[in-house]
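**Student:** Heads up: the protein sequence lines correspond to chains A and B, in order.
Residue 70 in the working numbering sits at position 70 of the first sequence, with consecutive numbering throughout.
Residue 824 in the working numbering sits at position 824 of the second sequence, with consecutive numbering throughout.
Some hints here could point you the wrong way.
Once the Cα atoms are required to be at most 27 Å apart in a straight line, the calculated DSSO-like pairs of lysine-lysine come out as [claimed, not checked]: (1) LYS298(A) <-> LYS380(B); (2) LYS273(A) <-> LYS144(B); (3) LYS298(A) <-> LYS162(B).
Per the computed footprint, the stretches of chain A lying under chain B, defined by three or more beta-carbons under 8 Å from a beta-carbon of chain B, are [said to hold, decoys possible]: (4) 90-97; (5) 216-226.
Keep in mind that the hints were calculated from the coordinates and are not lab data.
Computed from a prediction, not measured in an experiment: that's the story for all the values here.
Glycine included, each C-beta is placed from N, C-alpha and C at the ideal position.
Given next are the chains, with one letter for each unit.
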Amino acid sequence: MAEEKNAFKITPGEPVGVIAAQSIGEPGTQMILRLFHFAGVATESVIATAGLPRLVELVDAKKKPSTPFSYVYLEDKVKNSFEKVAEIVKRIDEIKVRDLAKRTVENFSKGTIKARLDPQVLDTTELTAKGVASKIGKLLGVETETEGNVITAKMHTKNLKEIRAGSVKLMNLTVNGIEGAGKAVVRQDLKTGEFYILTADSNIDLILPIEGVDRSRIYTNDIFKIYQVFGVEAARNALAMELKKLMEEQRIDVNDRHLLLLADAMTFSGGIKNVGRHGLSGEKLSVFARAAYEETVKHLVNAAAFGEVDPMKGVTENILAGKQILLGTGTVSLAINKDDLAKIKPKK
Amino acid sequence: MQTEIIDHVKFGIISPDEIRRISVEKLTIPDTYNEDGYPIDGGLLDQRLGVIDPGLICKTCGGRAKICPGHFGHVELIRPVVHSEFAKVIHILLQATCQKCHKLLLDEEHIAELREKMRNVVVLGEPEENKGSTVEERDSLLKKLKSVKKCPYCGTVQQRIKFETPTYFYIGETRIKPDEIRDMLAKISDDDLQVLGIDPETSRPEWLVLNALLVPPVNVRPSITLESGERSEDDLTHKLVDIMRINQRLEQNINAGAPQIIIDDLWELLQYNVTTYFNNETSGIPPARHRSGRALKTLAQRLKGKEGRFRYNLSGKRVNFSSRTVISVDPSIAVDEVGVPMPIASVLTVPFYVTEWNIEKAKVLLSRNEYPTVLNVIAKDGKRKRVADTNREELLKELSAGMVIERQLADGDMVLFNRQPSLHRISIMAHRVRVLPGRTFRINVCTTNPYNADFDGDEMNLHVPQTLESQAEAKYLMEVENQVFSPRNGAAIISSMHDDFTGMFILTLGETAVNKKEAAYMLSRAGVYELPKAMKGGMYDGRAIFSMLLPKDLSLDLQTKSGRVNISSGRLVEGQITKEAYNAILTSIAVKYGMTDLRKFIERAARAADAFVTLYGVTVGVKEYMIDKATDTERGAMLKNTLANVAELIAKYKSGKLEPLVGYTMRQSLEQMILFELNKAAKGAETLISKNVPKMNNALIIANVGGRGSVFNFVQMSMFLGQQATLGGTRIKRGYASGRVLPHLKARSVDPVDHGFIESSFRTGLSPVDMYMHAIGSRISESYKSLLTARSGYLQRRLINALQDYYVYEDNSVRDVHGNMIETIYGGDAIDPIKVKLAKSKE
Numbered sequence: 001m002a003e004e005k006n007a008f009k010i011t012p013g014e015p016v017g018v019i020a021a022q023s024i025g026e027p028g029t030q031m032i033l034r035l036f037h038f039a040g041v042a043t044e045s046v047i048a049t050a051g052l053p054r055l056v057e058l059v060d061a062k063k064k065p066s067t068p069f070s071y072v073y074l075e076d077k078v079k080n081s082f083e084k085v086a087e088i089v090k091r092i093d094e095i096k097v098r099d100l101a102k103r104t105v106e107n108f109s110k111g112t113i114k115a116r117l118d119p120q121v122l123d124t125t126e127l128t129a130k131g132v133a134s135k136i137g138k139l140l141g142v143e144t145e146t147e148g149n150v151i152t153a154k155m156h157t158k159n160l161k162e163i164r165a166g167s168v169k170l171m172n173l174t175v176n177g178i179e180g181a182g183k184a185v186v187r188q189d190l191k192t193g194e195f196y197i198l199t200a201d202s203n204i205d206l207i208l209p210i211e212g213v214d215r216s217r218i219y220t221n222d223i224f225k226i227y228q229v230f231g232v233e234a235a236r237n238a239l240a241m242e243l244k245k246l247m248e249e250q251r252i253d254v255n256d257r258h259l260l261l262l263a264d265a266m267t268f269s270g271g272i273k274n275v276g277r278h279g280l281s282g283e284k285l286s287v288f289a290r291a292a293y294e295e296t297v298k299h300l301v302n303a304a305a306f307g308e309v310d311p312m313k314g315v316t317e318n319i320l321a322g323k324q325i326l327l328g329t330g331t332v333s334l335a336i337n338k339d340d341l342a343k344i345k346p347k348k
Numbered sequence: 001m002q003t004e005i006i007d008h009v010k011f012g013i014i015s016p017d018e019i020r021r022i023s024v025e026k027l028t029i030p031d032t033y034n035e036d037g038y039p040i041d042g043g044l045l046d047q048r049l050g051v052i053d054p055g056l057i058c059k060t061c062g063g064r065a066k067i068c069p070g071h072f073g074h075v076e077l078i079r080p081v082v083h084s085e086f087a088k089v090i091h092i093l094l095q096a097t098c099q100k101c102h103k104l105l106l107d108e109e110h111i112a113e114l115r116e117k118m119r120n121v122v123v124l125g126e127p128e129e130n131k132g133s134t135v136e137e138r139d140s141l142l143k144k145l146k147s148v149k150k151c152p153y154c155g156t157v158q159q160r161i162k163f164e165t166p167t168y169f170y171i172g173e174t175r176i177k178p179d180e181i182r183d184m185l186a187k188i189s190d191d192d193l194q195v196l197g198i199d200p201e202t203s204r205p206e207w208l209v210l211n212a213l214l215v216p217p218v219n220v221r222p223s224i225t226l227e228s229g230e231r232s233e234d235d236l237t238h239k240l241v242d243i244m245r246i247n248q249r250l251e252q253n254i255n256a257g258a259p260q261i262i263i264d265d266l267w268e269l270l271q272y273n274v275t276t277y278f279n280n281e282t283s284g285i286p287p288a289r290h291r292s293g294r295a296l297k298t299l300a301q302r303l304k305g306k307e308g309r310f311r312y313n314l315s316g317k318r319v320n321f322s323s324r325t326v327i328s329v330d331p332s333i334a335v336d337e338v339g340v341p342m343p344i345a346s347v348l349t350v351p352f353y354v355t356e357w358n359i360e361k362a363k364v365l366l367s368r369n370e371y372p373t374v375l376n377v378i379a380k381d382g383k384r385k386r387v388a389d390t391n392r393e394e395l396l397k398e399l400s401a402g403m404v405i406e407r408q409l410a411d412g413d414m415v416l417f418n419r420q421p422s423l424h425r426i427s428i429m430a431h432r433v434r435v436l437p438g439r440t441f442r443i444n445v446c447t448t449n450p451y452n453a454d455f456d457g458d459e460m461n462l463h464v465p466q467t468l469e470s471q472a473e474a475k476y477l478m479e480v481e482n483q484v485f486s487p488r489n490g491a492a493i494i495s496s497m498h499d500d501f502t503g504m505f506i507l508t509l510g511e512t513a514v515n516k517k518e519a520a521y522m523l524s525r526a527g528v529y530e531l532p533k534a535m536k537g538g539m540y541d542g543r544a545i546f547s548m549l550l551p552k553d554l555s556l557d558l559q560t561k562s563g564r565v566n567i568s569s570g571r572l573v574e575g576q577i578t579k580e581a582y583n584a585i586l587t588s589i590a591v592k593y594g595m596t597d598l599r600k601f602i603e604r605a606a607r608a609a610d611a612f613v614t615l616y617g618v619t620v621g622v623k624e625y626m627i628d629k630a631t632d633t634e635r636g637a638m639l640k641n642t643l644a645n646v647a648e649l650i651a652k653y654k655s656g657k658l659e660p661l662v663g664y665t666m667r668q669s670l671e672q673m674i675l676f677e678l679n680k681a682a683k684g685a686e687t688l689i690s691k692n693v694p695k696m697n698n699a700l701i702i703a704n705v706g707g708r709g710s711v712f713n714f715v716q717m718s719m720f721l722g723q724q725a726t727l728g729g730t731r732i733k734r735g736y737a738s739g740r741v742l743p744h745l746k747a748r749s750v751d752p753v754d755h756g757f758i759e760s761s762f763r764t765g766l767s768p769v770d771m772y773m774h775a776i777g778s779r780i781s782e783s784y785k786s787l788l789t790a791r792s793g794y795l796q797r798r799l800i801n802a803l804q805d806y807y808v809y810e811d812n813s814v815r816d817v818h819g820n821m822i823e824t825i826y827g828g829d830a831i832d833p834i835k836v837k838l839a840k841s842k843e
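Please take these sequences and the hints and turn them into a complete structure.
**Tutor:** In structure tokens, the structure reads:
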């Protein structure tokens with residue numbers, strides 16, 4: 001039985017890194033075409049960047065994904081009530097003046113900025129023009145007036161530049177929800193029937209303190225955020241999960257082991273390192289390996305100036321030198337010293 | 001076998017003393033050849049620097065062109081110049097040290113701490129795990145030292161040191177000349193350098209300011225003789241001539257006591273020429289140009305980039321014993337064979353090591369004067385002799401154990417076969433040679449998949465391993481047999497395809513029967529020379545024929561998408577063979593009988609299935625794509641429904657009642673929802689086709705079975721083309737003002753038909769608007785494809801570069817070559833991904 005089990009074991013020496021890289025990289029060409037044919041079949045893939053661009057984003061360890069979002073699951077006592085969840089959403093849902101009013105009208109002689117709120121949009125929120133006005137007043141530290149849906153902010157200055165800047169500032173004010181949390185909506189899990197919150201940003205650190213939020217189940221597609229909030233181990237898992245999800249969406253069958261190895265490689269140092277010249281490849285010990293990859297001259301010059309030593313152990317270095325690489329069958333060597341061999345006398 | 005070992009490589013700077021020591025000659029004359037066409041003594045092509053012309057002898061080592069390794073010379077620079085590539089390092093060092101006492105601008109406590117850390121890394125020469133963090137620490141320290149105002153030792157107030165690209169330095173506002181820089185750097189103590197991680201033994205910073213310039217041997221910069229007899233010098237030689245000329249002029253002016261301005265100008269020019277000699281793409285200065293206007297290719301340019309020394313010549317090397325030609329199909333040869341054309345087989349050779357046990361065989365080979373014969377004999381001293389009819393007898397007499405003969409490639413030799421781009425390891429596999437007439441390489445269709453090859457003119461490469469080790473490794477690690485399952489996911493990548501699946505499916509329908517002659521033909525193609533038991537009426541059941549291909553004691557019972565498949569004791573009792581069932585058979589054969597039997601099964605099944613489709617004849621014509629009245633009405637209703645849904649969405653949008661998607665504006669949400677609705681229509685059409693089209697429709701069979709095409713293709717031909725997508729999967733909206741794709745369309749329309757939704761099918765034909773939309777879609781898809789292949793290629797390169805040093809250690813952990821542990825157990829269970837599907841079938 002033990003023997004049979006070993007039949008499926010990986011062979012020591014196997015260059016699993018290269019195999020993982022090839023397994024992830026090779027279907028890249030297929031990804032392109034598939035992304036093309038079926039754009040947005042499932043509701044979620046409509047939202048997020050998918051396919052090769054997303055893979056590049058993950059591998060680059062971008063500080064923020066191009067389409068960040070997060071799932072906020074809730075505690076048992078709230079999760080089954082739409083009303084209670086909607087209550088929480090109201091607290092999170094980030095609404096800026098910009099979302100309510102299309103543009104501002106500045107009056108430089110009077111020193112005022114007018115913003116006409118769109119009644120249709122206003123209706124979809126629980127906000128009132130009065131409430132928005134008082135919020136603006138508080139945040140900008142100015143007096144405000146409301147006339148129907150028109151809000152007038154009286155600035156303390158008549159300086160053109162300052163009013164212009166004030167107008168931009170005003171449009172970016174958050175009048176509802178948590179700044180940086182993004183737009184939030186209630187969604188229902190079709191399997192369990194529970195309600196959860198989907199937000200259009202990844203700042204889960206702002207959402208975690210809210211009462212009713214299940215901290216053990218919150219999730220975002222922003223690896224870096226997960227790293228900041230929950231640490232490397234969580235980031236590693238999230239990275240592997242995102243990679244797996246991506247491959248599944250593209251209907252590419254890649255074994256988890258390859259994705260895990262990539263995630264581990266990017267996180268084993270304790271932080272997140274990207275795949276490229278500012279990450280894993282750029283921090284290699286070997287001067288030759290770095291020089292052969294990118295920025296050849298820079299690496300050679302620095303090596304010379306500091307008197308660096310290349311230990312000649314990696315794949316690239318040994319290929320450059322025309323030596324056998326130290327992976328695969330190259331991992332084994334003779335235990336007998338060559339010189340000692342000469343001493344052995346052949347038996348007659 | 002590898003006997004020489006490079007343990008490590010130490011980088012450093014060559015000191016002026018070292019330059020003078022290794023130089024064989026101080027060069028003084030800024031010229032190459034004299035009027036007679038002879039190299040000038042003391043010139044740049046001095047014969048002491050080595051020789052490149054055949055016939056000449058090196059004046060240093062006495063060797064001929066091929067033997068002489070070349071020797072360095074040097075030029076004494078009359079005034080020192082800064083090595084521009086190191087200017088940044090010089091700047092950092094000047095900033096980090098006191099301008100008066102030249103000590104590190106750091107108090108003793110910090111110095112002691114850092115010294116200890118750096119000692120491990122630099123002085124002991126141990127590149128340890130913590131090197132990365134130490135280097136980072138040093139870099140951040142150097143940044144801090146920039147802003148130190150006062151020397152903690154002598155109390156001198158530090159002025160700002162300014163650096164201007166490429167080589168100008170200022171203390172405050174006054175320029176410091178290279179000789180002053182050199183003096184400042186020379187006064188930094190060895191101890192302080194060690195603290196910064198600089199090894200003073202090999203990299204004293206004052207050496208970064210050049211007094212003497214090393215001149216590379218002529219082999220490095222060979223001159224070429226044009227057809228006209230005119231000599232053309234290498235770019236480096238040109239550059240060196242320039243440097244020497246300016247150097248000479250500078251010397252003359254100094255000696256003649258010329259005014260300082262002139263001397264400074266010439267010094268400046270010397271600096272420029274030395275800078276461009278090292279790197280002709282230095283920012284801030286114009287590149288030095290050839291007479292023709294082409295920028296010179298100097299040292300940095302030789303190393304850099306894809307065509308540079310590193311990536312072009314060192315990471316990838318040219319090889320011998322290889323060949324390349326067009327590939328074509330041969331279903332008759334085995335999966336693990338490659339058909340090699342005679343013209344190639346008679347040129348490529350395999351070494352045959354003559355011993356006292358095989359010398360007789362060697363003699364037989366050598367004595368032959370046609371095809372399988374010997375091309376070269378390599379004597380014990382390594383001398384290679386070409387075998388010809390004139391010297392064959394003589395060589396035969398000389399032949400003895402210990403010699404090597406190079407025989408022509410023959411049947412059964414293991415060779416490596418490759419098709420580029422080599423995206424994964426199965427792009428190179430070991431095949432057995434089968435010498436065939438013709439001029440192309442022949443491969444079995446089943447191996448076409450891992451290579452991603454087809455036969456529309458593809459070419460492939462063949463390599464002959466030249467040592468016994470490499471031959472053994474090729475056989476045991478790279479042989480086609482062992483590559484049947486892909487390391488990506490464990491699925492069979494070498495298998496039957498297209499028509500074979502169609503054949504197997506129809507053959508095993510249950511109602512298919514063939515007569516004796518047909519049965520015999522199919523089975524004999526597969527190499528099976530007995531017939532199954534005939535049914536009543538002398539016909540043979542298709543399933544019984546397929547069963548003949550299976551191992552006699554194979555049993556399998558599985559549920560596939562198209563029903564149960566039951567094989568008991570090598571007999572297919574129930575179910576049709578689809579791709580899914582076929583793959584299940586492959587895994588269980590692999591587990592039970594091993595890879596050789598698996599390979600043989602793949603071969604047999606492919607041949608028999610191929611023979612069957614040929615006899616049966618599966619054709620697809622317009623007829624297959626005609627749909628009946630009822631289906632057509634359903635199609636109409638469905639389209640109408642979809643368009644109504646879209647219209648509803650648009651109405652909602654216009655009245656502002658549309659619930660927007662998270663993170664999207666109302667407009668974007670509408671787009672997404674419309675797209676979703678339209679895609680749903682395409683999916684609906686597919687189900688409609690699967691439901692309404694008769695089961696035995698050839699087009700549907702080949703689509704479902706994986707023979708060729710897809711149900712969506714069917715839909716496009718018989719129902720409607722659907723949405724033409726653009727970049728990123730949005731609808732077509734580019735074109736004229738107000739969002740019109742074509743000039744006559746309504747402005748600001750969001751209507752599906754105005755943005756590339758095509759309601760007509762290929763069968764009914766496209767309207768002019770449809771045709772335009774389709775053309776837009778095709779063009780975009782074509783350009784998008786090429787754009788993203790480049791992107792995915794670069795991604796692949798980066799991934800491989802980042803992960804290439806990782807391997808599985810003896811304890812099943814994943815480590816890099818330096819011993820850092822990446823994973824404690826590979827994949828959590830140390831299971832080989834190539835075998836995952838096998839392991840699963842075993843459960």
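**Student:** Mind listing which of the numbered hints don't hold for this structure, in increasing order?
**Tutor:** 1, 4 and 5
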